[in-house]
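A.B. asks: So the protein lines, in turn, are chains A and B.
Residues are numbered in our numbering as their position in the first sequence, beginning at 1, plus a constant of 541.
Residues are numbered in our numbering as their position in the second sequence, beginning at 1, plus a constant of 541.
None of these hints come from the bench; they were simulated from the model.
Hints should not be assumed to be uniformly reliable.
It does not matter which identical chain is used: a pair holds within one copy or between any two.
When the alpha-carbon atoms are kept at most 25 Å apart in a straight line, the in silico SDA-like pairs for lysine to any residue are as follows [what the hints assert, rightly or not]:
| id | residue 1 | residue 2 |
| --- | --- | --- |
| 1 | LYS565 | TRP622 |
| 2 | LYS777 | ILE576 |
| 3 | LYS719 | GLU685 |
| 4 | LYS608 | PRO759 |
| 5 | LYS719 | VAL690 |
| 6 | LYS701 | GLN573 |
| 7 | LYS544 | GLY666 |
| 8 | LYS719 | ARG675 |
| 9 | LYS719 | ASN693 |
| 10 | LYS709 | TYR572 |
Number of protein chains: 2
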Amino acid sequence: YAKSMKLSVETAARDLRHGFFSVKAKNLRCYQILIAHHADDQIETVLMNLCRGSGTTGLGGMKREAKMGKLTIIRPLLNVWRSEIDAYIEERGLKFREDASNATSEHVRNRVRNDLVPNLPEVFGRDPREAILRAAQLCREDAEFLGMVVDNLYRMTVTKSGALRFAKVESVEPISLKRRLIQRWLNENEVPDCGFAEAERVLSLMDIENGPAKVNLPGDWHARRRAGSLFLEAPKGS
Amino acid sequence: YAKSMKLSVETAARDLRHGFFSVKAKNLRCYQILIAHHADDQIETVLMNLCRGSGTTGLGGMKREAKMGKLTIIRPLLNVWRSEIDAYIEERGLKFREDASNATSEHVRNRVRNDLVPNLPEVFGRDPREAILRAAQLCREDAEFLGMVVDNLYRMTVTKSGALRFAKVESVEPISLKRRLIQRWLNENEVPDCGFAEAERVLSLMDIENGPAKVNLPGDWHARRRAGSLFLEAPKGS
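Isolated chain A, as found in the complex (with noise of 0.2 Å):
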């Protein structure tokens, strides 16, 4: 499937997953998805967002809730520790079920669980796990309120047919929010597996001087410039 819709294993593994749970959400008539992410896990994210240079929504880590589609995924658990979670399915005996790809040691998640976060408290003379926590919790504010910002430039410069105007994309400062606006853009429209250098590309076409009028994107799209507005093409044959 991946390769098919030439996309990235995660971003096809994440469709897929949202395919099967819209079926099961339609059947059950049941919207919202528990998901047993715990702080752990968001620690986790975060360390990783930030060794893959992710900027302040990614160190942001997951959020409590989120929309995908008609479905909203609700982490109820994320600011609980395993721990907390261990020691009251002890106390009242309750059976689980340990997820088979946690023991999978290869993976770099289980290589930030087991080497890297063990090993902060004596980096750093305490605990840093709070603090980890709360600095994330801060990203995810400032994330959502440059989100809010964003929307409100995207409106003013999306055009009907879904292009964006040259001059108003230029009008925009600093570049941070210009590529804020990009993302929304791609994002809006689907483009799959677009981060920060997918949005750099599209900034590209900006420069009419050196800049390219075409440039490609996942999922087999293209961004083109003409006419003083940017456009996307889907995918042939989508």
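Chain B: place on chain A using the hints.
C.D. replies: Just chain B now, with coordinates in the frame of chain A:
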């Protein structure tokens, strides 16, 4: 000095350093100070700030340029790796001096440098330092924009006498901006050592029913709620 001024050692040291540089700058008529912080220092700062619970501003790390009163602090080597500097020095047979405190391995920064950072490539399967540097840059850009937004809010909220109008503060959403607004006010008045906890403490004054009417701040400052505004009280004898 720290003790008598009721300051943290870090802030006291910064004040004294600032005083020293100010005198030198005046004598030499030389208001720009170049500091040799390099990209590896930046990585350490970002990791330390994350594990200290800093938000977007702290995760942005050190700035390339910063104002310190009349002085401008410039860090021209902030995107250059230590190894590149070493190679340059070696190549040209330049003399240099090692900061004596670099050798003290008891400090957190040194443990981050010697124990944490060298371990990261193994955890992530590649050297994540470039990515961390980019994450910091994205945060710096976002923090810069948020700073501009808060500057505008501050001008609209502060009274001629330097108090903050209650109703105006209350209307600021989301909470992250409210906190930044308070921090802006505390910085403007040079209340020392003010971070997240201090901003939150001042915001507790906004709760008329259950909050306090006066809170303590570092350096013997106080914030007080009175007649629809928030006031700062300077330390006695200052």
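A.B. asks: At most 25 Å between CA atoms: does that hold for LYS777 and ILE576 within a copy, between copies, both, or neither?
C.D. replies: neither (36 Å within a copy, 54 Å between copies)
A.B. asks: Up to 25 Å between alpha-carbons, please classify LYS719 paired with VAL690: within, between, both or neither.
C.D. replies: both (11 Å within a copy, 16 Å between copies)
A.B. asks: Please sort LYS719 with ARG675 into within, between, both or neither, judging by C-alpha distance up to 25 Å.
C.D. replies: between (27 Å within a copy, 17 Å between copies)
A.B. asks: One pair to classify: LYS544 and GLY666, alpha carbons no more than 25 Å apart. Within, between, both, or neither?
C.D. replies: Between copies only: 24 Å across chains, 47 Å inside a chain, cut-off 25 Å.
A.B. asks: Is it within, between, both, or neither for LYS709 and TYR572, if the alpha carbons may be no more than 25 Å apart?
C.D. replies: Answer is neither: 38 Å inside a copy and 39 Å across each miss the 25 Å cutoff.
A.B. asks: Within a copy, between copies, both or neither: which one fits LYS719 and ASN693 at a CA-CA cutoff of 25 Å?
C.D. replies: both (13 Å within a copy, 20 Å between copies)
A.B. asks: Indicate which option fits the pair LYS701, GLN573 if close means a Cα-Cα distance not exceeding 25 Å: within, between, both or neither.
C.D. replies: This pair counts as neither: shortest intra-copy Cα distance 33 Å, inter-copy 51 Å.
A.B. asks: With 25 Å as the alpha-carbon cut-off, assign the pair LYS719 and GLU685 to within, between, both or neither.
C.D. replies: both (16 Å within a copy, 14 Å between copies)
A.B. asks: At most 25 Å between alpha carbons: which applies to LYS608 and PRO759, within, between, both or neither?
C.D. replies: For LYS608 and PRO759, the Cα distance is within 25 Å only inside one copy (22 Å; across copies 42 Å).
A.B. asks: Within a copy, between copies, both or neither: which one fits LYS565 and TRP622 at a CA-CA cutoff of 25 Å?
C.D. replies: neither (29 Å within a copy, 52 Å between copies)
Hint check: violations occur at hints 1, 2, 6 and 10; the rest are consistent with the structure.
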